[in-house]
Amino acid sequence: MLKVENIDVYYDKIHAIKDLSFQVKKGEVVTLIGANGAGKTTILKTISKLLTPTQGNIFFEDKPLNKLTADQMVYLGMAHVPEGRRVFAQMSVEENLQMGAYIRKDKDNIKKDMERVFGYFPRLKERINQPAGTLSGGEQQMLAMGRALMSKPKLLLMDEPSMGLAPILVQEIFNIIQTIKKTGTTILLVEQNANQALQVADRAYVLETGKIIKEGDAKTMLNDDSIKKAYLGG
Amino acid sequence: MVLFLQQLINGLSVGSIYALIALGYTMVYGIIKLINFAHGEIMMAGAYFAFLIAVSTNLPFVAVMLISMVLAAVLGVVIERVAYKPLRNAPRISLLITAIGMSLFLQNLALVIFRADPKIMPTLIAKHPINIGPIQVGTVTLTTLVLSIIFMVILDVFVKKTKPGKAMRAVSEDKDAALLMGINVDKTISLTFAIGSALGALGGVLYGITYTQVYPTMGILPGLKAFIAAVLGGIGLIPGAVLGGFAVGMVETISKAYLPTQWTDAIVFGILIVVLLIKPTGILGKNEKEKV
Ligand SMILES: Nc1ncnc2c1ncn2[C@@H]1O[C@H](COP(=O)(O)OP(=O)(O)O)[C@@H](O)[C@H]1O
Ligand SMILES: [Mg+2]
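Heads up: the protein sequence lines correspond to chains A and B, in order. Position 234 of the first sequence, counting from 1, maps to 234 under our numbering, and the rest follow consecutively. Throughout, our numbering is defined as the position within the second sequence, counted from one, plus 1000.
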C-alpha cells in the first residue's frame, strides 16, 4: 500500500533521513521505533508531503506522490495524526471532527462516523461543544485520532500518540489503536514507546539517526535482546 | 443629553465604518500574520469604484455598493497573489515592507489616474433627517450603521457556520494541520483577502458617501484608525475588530463634540497606548500559552 524508496530528507544542511526504504502492506500495522531525534516525524511528514525528499520516491497504492501536494493526500486515503496532536485549539470538538471530514460530502454518513468516533472516545462526546484547546493532553490526542478517522482513511499515519501521556491513558490510546486495526485500517505508527508499539504492530523497523538498522516481525523484536536493551529498558 | 445621544449615534455610525475596515486588517493578520498596510488603499479603491460606477451609470445604491465590493475583492486577491504569496516563506519584515510599498504604489496609481483634487461622490443615498424621539438622525448615518451591522452578521455566520468559514479558522490556527485535513490553504488565504477587501471597500463607499468626497489619500487616516481599532480589540480576532471599531468611532465623535477637534486624534492614540500598556494583546486578546 505504501512504498518508500531510497528517500533522503534535509533540513537545510542537516541530513535527517538517509537513503531510507520501507513499505507497509494493506491491512498491516507497521511501527517505526526510534529514539528522540531519530527522524520518525520527518519520515511521516515526508509521506504526507509536508516535507519534500531531495532523492527517492514514495508510492501510495502504486501511485507516485512526487507531483502531489499535502492537501491532496487525504483525498487518496491517507490521514496523519501529527506529533503534538495539533488540534484546532479555538474550534470546538465537533468542529475539529468536521474538519477531519472536510473533503467528504456525504453528510449523513459523516454524522454516523462521528458517532463511531464518540464510541471509541466517549469523553469527546461529553465535551462536544468545548474548544479543543481546553481539553487535557489525553483528550486532545483522542480528538486528533478521531479527527483523522473522520476522513475514513485507508492508511493512518500516527506520530507518537503516547507522547506525554499518563500510563493509564497510554493504555487507553493503544487499546483504541488495536480496535482501529481490527476494522482493517492500515496503520503506520511511529513511537518511542517501543513496548506498546511492538505489541500492537505486525512488523517493525528500528530507526537510528535517519537510517533503518533493523526490521522484522514485531513479536520477535519484543523478545530480541538487543532491542530489549536499547528500547525496552533492559 | 439629546446632544449626547445624537453624538452616540454618529459615533456608532463612524465606528461601524472603522469596524468594517478593521475586519480586513484583523482577518488578514489572523491568517498570514501580516499587517496589510495596503488595506487603507483597498478602502480608497472601493470608494473610487463606487464613484466611477455612480457617475457613469444609473444603478441604485445597493448595486453600486455590491459591484464596488466585488471589484475590491478582486483587487485584494490580485495584490495577495502578486505581491504577498511569493513571500510567504520569507521573513515577516520583508512581507511588511512589501505591504507598505503596495500602499504607496496604490496611492500614487490613484494620483496618476484621478489626480489629487477630490471628486465629489454623487448622492447615492437620498439625504433627509429622520426623527427618533427627540434625536435627529441622517439617512446616511442610519444606512451606514444598518449596512455595517448586516455585513458583520453575515460575516459572523459565514465564519462560524459554513465550511469555507471553518476552513478559514483552521488555516489561521495551524496551516500544516489544515493541509492534512485536505484544506487548500492558498485558496483559503485568497478567500480571506477577498472578504477582507470587500468589507474594506464597503467601508470606503460609506466613508465616501458620509464625507461626500473621494481622493487618493483618503485611505490613510481611516486605515490607520481602523488598524488601531483592530489592535485595540485584539488583532486577529473578529469580535475585537468590531469592538475596537465602535470604540474608536465613539471616542472620536464624542471628544469632537465636547473638546477642541485637535484633541481627537491625540485622545484616540492615547487610549490605544494606555490599553496596550495594561493589556498588550488588546481588549479581547488572550495571553495564551500554548499547551504542550
Ligand atoms: N525543523 C527542523 N529544522 C532543522 N532540523 C530539524 C527540524 N526538525 C527536525 N530536525 C532534525 O532532524 C532530525 C530528525 O528529527 P525528527 O524527525 O523530529 O525526529 P523524531 O521524530 O524521531 O524525534 C533531528 O536531528 C532533528 O534535530
Ligand atoms: Mg518526532
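Hints should not be assumed to be uniformly reliable.
Pair by pair, the computed Cβ-Cβ distance ranges are [unchecked claim]:
#	chain 1	residue 1	chain 2	residue 2	range
1	B	T1162	A	D19	28 to 34 Å
2	A	G164	B	L1104	53 to 59 Å
3	A	G119	B	T1281	55 to 61 Å
4	A	K63	B	V1159	31 to 37 Å
5	A	K67	B	I1097	56 to 62 Å
6	B	I1120	A	K67	40 to 46 Å
7	A	L68	B	V1078	23 to 29 Å
8	A	K63	B	R1115	27 to 33 Å
9	A	E61	B	T1217	55 to 61 Å
10	A	I128	B	P1122	32 to 38 Å
Since the hints were derived computationally from the structure, they do not count as laboratory data. All residues carry an ideal CB built from backbone N, CA and C; glycine is no exception.
Going through the hints against the structure:
1. B:T1162 - A:D19: 28 to 34 Å: violated (46 Å)
2. A:G164 - B:L1104: 53 to 59 Å: Because 49 Å falls outside the window, the suggested range is violated.
3. A:G119 - B:T1281: 55 to 61 Å: violated (39 Å)
4. A:K63 - B:V1159: 31 to 37 Å: Since the Cβ atoms of K63 of chain A and V1159 of chain B sit about 36 Å apart, the hinted range of 31 to 37 Å holds.
5. A:K67 - B:I1097: 56 to 62 Å: violated (34 Å)
6. B:I1120 - A:K67: 40 to 46 Å: violated (55 Å)
7. A:L68 - B:V1078: 23 to 29 Å: holds (27 Å)
8. A:K63 - B:R1115: 27 to 33 Å: Check failed, 58 Å falls outside 27 to 33 Å.
9. A:E61 - B:T1217: 55 to 61 Å: This hint holds: roughly 58 Å between Cβ atoms.
10. A:I128 - B:P1122: 32 to 38 Å: violated (52 Å)
Going through the hint list in order, the structure does not satisfy hints 1, 2, 3, 5, 6, 8 and 10.
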